[in-house]
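These protein sequence lines are chains A and B, in that order. By our numbering, the letter at position 227 of the first sequence is numbered 227, and the numbering carries on one by one without gaps. By our numbering, the letter at position 141 of the second sequence is numbered 141, and the numbering carries on one by one without gaps.
Simulated from the structure, these hints should not be mistaken for laboratory data. Check each hint, because a few of them may be wrong.
To be verified - Taking beta-carbon pairs under 10 Å as the criterion, some of the chain B residues facing chain A (in silico): (1) Ile11; (2) Val79; (3) Arg194; (4) Val206; (5) Pro221.
Said to hold, decoys possible - Covered, in the sense of this in silico footprint (three residues per stretch, anywhere, with C-beta under 8 Å from a C-beta of chain B), are these stretches of chain A: (6) 89-95; (7) 157-170; (8) 190-197; (9) 208-221.
In this text, a Cβ means the ideal position worked out from N, Cα and C, and glycines have one as well.
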Amino acid sequence: MSLLLAQVEIRDRSEDTCVSENGFCPDWIVDNFDRYVDPFFQHVLLTVVAVAVGFGIASTLAVIAYRHRWFVNPVIQVTGILYTIPSVAAFFLLLPITGRGFVTATIALVSYTLLIIFRNILTGLDNVPEETKDAGRGMGLTEQQLLWRVELPLALPEILAGLRIAVTTTVGLATLVFFAGAGGLGEEIYADIAFKSNVVVAGGLAVLLAAVLDGLILLFQRALTPWTRAVSAG
Amino acid sequence: MNDFFDAIDFIFSERDSPAGGTRVGGLGEIWELMWPHLKLSAASMVVACAIAIPLGLWLGHRGKGGFLAINASNVGRAVPSLALIAFFVAYLGVGFTNLTLALVLLAIPPILTNTYTGVRQVDRDTVDSARGMGMTGAQIVRRVELPLALPLMFGGIRTSAVNVVATATIAPLAGVVTLGDPIINVNTYGDEGRLAAAIVVALLAVATEVLLGAAQRAVTPRGLKVNRREAV
């Protein structure tokens with residue numbers, strides 16, 4: 001048995017000294033890139049679903065809190081506690097209730113986005129100038145119309161800034177969802193944490209994903225809020 | 001619900017390891033795991049503060065390097081803590097010192113950004129009148145800008161500390177035993193040990209947040225409390 005192991009080791013070494021000496025191996029990365037594709041798309045799916053659900057919940061809470069101020073503090077406190085609980089702990093606190101897998105991972109990730117998005121939407125709405133709202137009311141808009149046609153569009157820069165923070169944070173936290181059995185790039189990092197090539201590729205893909213999603217929202221924001229560019233240019 | 005009772009029982013009473021050979025659980029063991037967890041977190045925070053606060057004050061005072069100070073947070077957020085730790089493990093090896101360095105890098109951005117922003121948001125008229133009273137640059141930093149920047153600075157320290165305490169949970173991946181050990185080595189501690197560790201880690205993070213929040217309020221100069229805004 002030990003002879004066999006020794007032989008395998010020798011063969012590995014002769015085949016690729018770079019890998020056996022734990023170097024940074026471009027050849028190995030090219031040959032093994034396939035194994036990162038599925039985890040990468042799991043990572044994308046987890047992030048997009050979590051941020052989308054988080055945005056749905058947080059924006060509803062923010063619009064309610066904007067109209068009923070007493071609601072602000074309870075929401076900040078509850079989402080603040082959710083935000084504080086470490087994700088790894090959250091996965092195992094949820095385990096007895098929701099089991100292992102995608103649902104548990106998503107619930108934990110959603111809970112981290114709530115505070116960030118809620119606070120930004122509320123700040124954005126609060127920063128809408130009173131004169132603008134009065135002008136809208138003067139034109140005969142109902143409160144509902146005012147919200148959709150004046151207040152929310154003007155709050156977009158802050159709302160999307162919150163979304164950007166939520167997305168980059170979620171990409172980072174999603175590297176830990178393998179603890180909940182939900183895969184992602186973190187699983188690849190964890191599988192061979194001391195192998196330089198592996199760590200650089202898996203970690204690099206996560207950073208790249210965060211940067212790309214962040215950039216996409218920024219482009220979306222530029223397209224949606226042309227007036228912010230005019231202001232900064234003037 | 002039974003799982004949670006078992007986990008709480010694990011915190012308070014010792015039992016045989018499911019893997020056999022050793023005894024696990026009980027307050028003694030929780031403390032044995034929590035102590036290195038606190039030591040690691042504290043060491044990282046002290047080093048991070050020693051770097052980020054002077055740098056943030058200096059950049060803020062000079063009004064230069066805003067791009068660096070502001071973007072440190074954006075870049076920091078985009079690098080997953082697991083990837084950062086894995087990078088240190090792969091390139092520098094496991095151990096307390098290397099892991100502390102990784103956590104320092106994780107902790108610097110929020111402190112740096114908030115200290116810088118805190119100094120920059122000090123009313124320029126206030127700084128000018130301090131200068132008019134004959135204060136030197138160093139005196140302005142120490143007696144005017146620092147006190148007025150303290151609330152925001154502490155907000156950054158709080159964010160970093162909670163993040164570091166949370167990330168110290170995966171320290172066993174870098175060869176440092178912390179409260180994350182029962183989570184990662186579930187065979188030794190059993191399911192109830194893992195859930196117990198999750199509960200203790202969650203409580204520790206919330207306690208860090210509450211304590212530093214109280215500290216943040218305590219260091220806020222009385223003049224700023226009058227029209228206090230929601231802290232960051």
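Structure-based check of each hint:
no.	hint	result
1	Ile11	violated (14 Å)
2	Val79	holds (6 Å)
3	Arg194	holds (6 Å)
4	Val206	holds (5 Å)
5	Pro221	violated (24 Å)
6	89-95	holds (count 6)
7	157-170	holds (count 3)
8	190-197	holds (count 5)
9	208-221	holds (count 3)
When held up to the earlier numbered hints, the structure conflicts with 1 and 5 and fits the remainder.
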